[in-house]
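Trainee: Read off the chains here:
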Amino acid sequence: MSTAPETASAAPAAPTADVPLLELAGVGRTYGSGPRATAALAGVDLAVRPGRSVGIVGESGAGKSTLLRLLLALDRPTEGQVLYRGEPLRRDRAAVRRFRRDVQIVFQDPRSSLDPRMTVGAVVAEPLRSLRIPGDRGARVAEVLGWVGLEPDAATRYPAQFSGGQRQRIAIARALAPSPSVLVGDEPVSALDVSVREQVMDLLRRLRAELGLTLVLVSHDIAVVGQLCEETVVLHDGRVAESGPTEQVLTRPQDPYTQRLLAAVPRLP
Amino acid sequence: MSLLEVRDLTVRTSGGRTLLDAVSWSVEAGGRLGVIGESGSGKSITALAVLGLLPDGMTATGEVLLDGVDLLALHGRRLDAIRGAQVAMVFQEPLTALDPLMTVGRQIAGPLRLHRGLSRAQAREQAAALCRMVRLDDAERILGSYPWQLSGGQRQRVALAMALACEPRVLLADEPTTALDVTVQAEVLDLLDELVDRTGVTLVFVSHDLPVVARVARDLVVMREGRVVESTTVARALDAPADPYTRQLIEAARAVTRLPFAQEAL
Chain A
1201 MSTAPETASA
1211 APAAPTADVP
1221 LLELAGVGRT
1231 YGSGPRATAA
1241 LAGVDLAVRP
1251 GRSVGIVGES
1261 GAGKSTLLRL
1271 LLALDRPTEG
1281 QVLYRGEPLR
1291 RDRAAVRRFR
1301 RDVQIVFQDP
1311 RSSLDPRMTV
1321 GAVVAEPLRS
1331 LRIPGDRGAR
1341 VAEVLGWVGL
1351 EPDAATRYPA
1361 QFSGGQRQRI
1371 AIARALAPSP
1381 SVLVGDEPVS
1391 ALDVSVREQV
1401 MDLLRRLRAE
1411 LGLTLVLVSH
1421 DIAVVGQLCE
1431 ETVVLHDGRV
1441 AESGPTEQVL
1451 TRPQDPYTQR
1461 LLAAVPRLP
Chain B
145 MSLLEVRDLT
155 VRTSGGRTLL
165 DAVSWSVEAG
175 GRLGVIGESG
185 SGKSITALAV
195 LGLLPDGMTA
205 TGEVLLDGVD
215 LLALHGRRLD
225 AIRGAQVAMV
235 FQEPLTALDP
245 LMTVGRQIAG
255 PLRLHRGLSR
265 AQAREQAAAL
275 CRMVRLDDAE
285 RILGSYPWQL
295 SGGQRQRVAL
305 AMALACEPRV
315 LLADEPTTAL
325 DVTVQAEVLD
335 LLDELVDRTG
345 VTLVFVSHDL
355 PVVARVARDL
365 VVMREGRVVE
375 STTVARALDA
385 PADPYTRQLI
395 EAARAVTRLP
405 FAQEAL
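For the record, the sequence lines run as chains A and B.
Using the numbering used here, the letters of the first sequence map in sequence onto residues 1201 to 1469.
Using the numbering used here, the letters of the second sequence map in sequence onto residues 145 to 410.
Hints were generated in silico from the structure; no laboratory data involved.
Careful: at least some of the hints might be erroneous.
Unchecked claim - Now the stretches of chain B that chain A is said to cover, found in silico as 3 or more residues with beta-carbon under 8 Å: (1) 225 to 233; (2) 323 to 330; (3) 355 to 365.
Each residue gets a CB set at the ideal place from its N, CA and C atoms; glycine is no exception.
All chains should be modelled from the sequences, with the hints used to inform the complete structure.
Mentor: In structure tokens:
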């Protein structure tokens, strides 16, 4: 394999380092029609390459949630295309299941994202069941709980018996259970107290390094995105105001909105 | 002498749980006190207890002294005469603090008519002046609007206008910018800063967000699990925190708000 010469192969889109796992090409999403139509997103280009970390930052009304729904194949664009591994997203059941297995999400508030009536073990095994992933579920649950720093016996307890930070670890373990390539975080640390937030950010950094995960982080908090992501996309009024390597966006912001956003972050003297 | 002093304030639930355990702090006239704590620290319960707004089933003991008068001992009309007029409040989410069925104009005019006995026309005029004071341009349109027709930042400005309407001696703000976007938060903090300077109102600012508290407060009370762990000033806390928990909070706040790649250049 490694000796194969580089030729223009006719084989169907073999995954290579250059093909983005997820890509938005000229994507727009308009709600309603006629004179009352509202464009939540317009002309968005975005590529998430394998192994990279991409942060999407914006304030209320910027289009973060719409973009997230499109990236997760929970919605369809009214303009442009969403590509998964270089091809338009297919909507047949098998393809969607493969996609769901490969792209997992962690939400903001584990109090609402974890079913309080399910044991932690059942919560974490849920994607294995719903995505029909074969194998020893108990062993897999114990393994992913270990990755997030929880003991195997956590599986027999209920979410309410854990602190906010631990519950977010459970949500992360659930997302990792089906071995996704991409972990999408929707404000994954915003509901946590600062001391806990730091620990969960450390965990995300470590998991990314150890598992080679691709990370997409959607947040209103440019400091969180700045600390966790190699690339930063600034959304404003449904458009990409600015995007590029995080260092460039943070130190040499070109767009006036990015400059305003950076200046507004309250910091300790 | 302190204008507002909380002395051994203890709050218990009817089930016997202690939510606040002998909390004491004070703020002098014209002072700016920040009360900081994480979830479960009791900071919001403290604010509610000061205002006599604890939910049913919670009981407060100790003293809340406004100019030497114990607010905990006041009830009914005598408490109403102080709340809103002498001690006003701003909460985190103005959409729940404002009445959705009443125009903003009527809501701002409410306390003016109640506490000041202004006529409808006088109150209306005063409400427009308050709108200008909190930098709400287009006062006429704002006053005729319902809360849901305004942005989050506009709503919090309305809440500030209402709170300051009767020229209170103390402004108690509980997470007033937490629900706002960071760029709007910066504007509202600037405004609050300016209004406190201009009116000389005594500020008690309750928040989980240390950088925000440091931006507006001078004195600092650090709370944890229903107790005060340290009473200090913001400057001293940042320079040399005495309590290990305060130090931990400061380090965590520095860590999570850090913008990598040397932002000092900006």
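Trainee: Now tell me, hint by hint, if it's right for this structure.
Mentor: Now the hints, each set against the structure:
1. Here's how the segment 225 to 233 of chain B fares: 0 of its residues keep a CB closer than 8 Å to some CB of chain A, so the rule of at least three is not met and the hint is violated.
2. With 6 residues having a beta carbon nearer than 8 Å to a beta carbon of chain A, the segment 323 to 330 of chain B meets the requirement of three or more and the stated coverage holds.
3. Counting residues of the segment 355 to 365 of chain B whose beta carbon lies closer than 8 Å to any beta carbon of chain A gives 4, which meets the minimum of three for the stated coverage.
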